[in-house]
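Turn these sequences into a full structure, and let the hints steer you where they fit.
Those protein sequence lines, which keep their order, are chains A and B.
Under this note's numbering, think of the first position of the first sequence as 11, with each following residue one higher.
Under this note's numbering, think of the first position of the second sequence as 2, with each following residue one higher.
Keep in mind the hints are simulated off the structure, nothing from the lab.
Just so you know, these numbers come straight off a predicted model, no measurement behind them.
Please note that a few of the clues may not be correct.
[Claimed, not checked] Not close to chain A: a few residues of chain B, all C-beta gaps over 10 Å, as computed: (1) R17; (2) S63; (3) G96; (4) E97; (5) Q137; (6) P179; (7) K254; (8) I259; (9) D274; (10) N309; (11) E313.
[As the list claims (entries may be wrong)] List time: in silico PhoX-like cross-link candidates among lysine-lysine, alpha-carbon distance up to 20 Å: (12) K94/B to K227/B; (13) K216/B to K227/B; (14) K216/B to K94/B; (15) K216/B to K88/A; (16) K88/A to K227/B.
Glycine included, every Cβ here is placed at the ideal spot set by N, Cα and C.
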Amino acid sequence: MAHHPGMAILHQSSPPPIADDLFEYVDADGSIALIGGIERETGRIAFPFPAQDDGFERTRLPLEGRLWSWTVQRFRPKSPPYASADAFDEYAVGYVALGDAIIVEGRLTGVEFDELRIGMAMQIVPQVFVMADGSQRTTYAFAPAQEGPSA
Amino acid sequence: MSDVYIVAGGIHPFGRTPERSGLDQGVFAVRQALSQAGLDWNDIQFAYGGSDAAGNADTMVSKLGLTGLQFINVANGCATGGSAMFGAYTSIKSGEYDLGIAVGFDKHPRGAFDPKPAEWGLPDWYGETGLMLTTQFFAMKIQRYMADYGISRETLGRVAEKAFRNGARTAHAWRREPVDLETILSAPMVSDPFTKFMFCSPAEGAVALIFASGKKVRELGLPPVKLRAACVRSRPAGSFEVFSPSLDIDRGKSPTTIVSEAAYEMAGLGPDDIDIAQLQDTECGAEIMHMEENGFCAPGAQSEWLANGWSEIGGRLPVNTDGGCLACGEPIGASGLRQVYENFLHCSNRAGDRQVEGARIGYSHVYGAPGVSAVAIVEG
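Pasting the structure below:
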């Protein structure tokens with residue numbers, strides 16, 4: 011698998027990333043940061059990083075933010091495109107405003123559905139995703155932050 | 002430049018019709034419209050038509066007649082019907098033609114839509130990990146809106162309650178049984194805060210409208226409904242749309258806001274002039290947000306509107322008088338034209354026992370992925 015030169019730290023014990031240029035490891039214990047793109051002309055931040063577009067410069071997105079909105083996925087999405095192993099557990103999904111950079115969509119983890127509140131402090135975490143064939147990939151999710159965001 | 006009129010409308014009942022293809026439902030709607038106007042397919046000079054998932058509209062000519070007319074297929078997602086109508090509108094307004102038709106139809110399999118990420122310019126992981134669902138988007142958009150403007154789940158429930166009540170009075174509706182508020186609110190959750198009664202379902206159906214120039218209207222002696230505006234707009238920067246892995250931190254207008262402003266300007270009218278409105282109600286939250294985005298109320302005022310019945314038939318501005326998508330279901334290619342058809346009925350005093358008294362100016366709004374809205378304003 012080709013890795014961008016920016017992805018300096020590989021985390022050997024984690025399953026392979028579900029996509030290139032989606033996130034990068036920020037320390038040896040497996041913490042991750044999402045990769046975005048800064049539009050050179052306007053300064054606008056995009057996610058996911060449009061790696062094929064020269065108009066965008068690669069950037070690391072803030073690690074923490076505030077829950078902007080959320081819902082719970084109560085039925086199994088159709089496959090394809092949903093590629094999870096067959097067993098279905100309801101999962102929470104949300105948008106998190108990462109500092110003043112961008113609002114990113116992702117699964118929410120480590121929180122009871124009835125504890126979800128708009129405005130709560132969240133942080134980016136790696137999450138193992140099991141594909142239909144049983145193989146594992148690493149993707150990202152948001153979990154309640156240990157401490158409030160510094161921004 | 003000619004004025005543009007709607008002179009007839011036909012509809013194939015929405016819902017499920019296993020024995021009839023989507024294309025044949027389209028043919029059914031066209032024949033009904035022709036019959037209403039006392040016209041023959043030979044009289045029709047042009048057609049715009051489309052479906053999202055039920056085939057090529059122009060193959061209808063094998064059933065309707067090989068007259069050699071100009072027939073243009075339209076594929077514009079949820080705005081397919083609105084775009085077909087825009088084609089008809091400009092064809093007549095420009096003076097190129099005097100009499101034409103717009104037809105929209107569809108037939109979707111059961112269950113939620115199952116989009117392919119690549120067709121929307123998105124990476125595979127977005128669909129693979131279970132983030133690419135229209136239902137999630139609508140749920141998160143209203144969840145944020147409810148927090149910002151203090152709107153309760155009861156208000157959401159009242160939208161569905163009204164839809165099924167109106168659907169019960171509508172021959173072309175799919176869901177024709179009233180459902181009470183308590184049942185709606187306590188039903189199984191689909192995507193919080195929406196229960197199963199708060200979402201529309203993919204369905205089937207077809208609508209055809211016949212458009213004519215002023216000259217043709219006089220020639221035919223038909224009671225006309227004038228099309229005062231027909232606009233389609235795509236999304237501006239900072240809007241919040243279906244299938245968005247991220248949103249700009251600087252929030253902007255929606256495609257609905259800008260198409261609404263354009264339509265009012267084209268018609269020389271404002272929200273206060275509207276007597277009846279059909280607003281995209283993919284789910285209860287959409288109707289609530291679209292009341293504001295189309296200029297009919299301030300954000301947050303929807304609670305008062307729904308509690309007081311102001312958007313009921315007989316209220317100050319009846320909204321979704323045929324039960325909308327919630328009661329009729331969502332055949333993507335047909336929904337936008339269904340809304341115009343419903344306004345056409347009311348503004349020509351043909352809506353039977355759900356007729357809005359004195360309805361003269363009707364407003365319709367359709368919205369869909371990936372951020373496209375269309376508005377039409379008619380005057381009877």
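Verification of the hints:
no., hint, result
1, R17, "19 Å, holds"
2, S63, "33 Å, holds"
3, G96, "42 Å, holds"
4, E97, "40 Å, holds"
5, Q137, "5 Å, violated"
6, P179, "25 Å, holds"
7, K254, "16 Å, holds"
8, I259, "19 Å, holds"
9, D274, "34 Å, holds"
10, N309, "28 Å, holds"
11, E313, "29 Å, holds"
12, K94/B to K227/B, "12 Å, holds"
13, K216/B to K227/B, "13 Å, holds"
14, K216/B to K94/B, "11 Å, holds"
15, K216/B to K88/A, "52 Å, violated"
16, K88/A to K227/B, "43 Å, violated"
Comparing the model with each earlier hint shows violations of hints 5, 15, 16; every other hint is respected.
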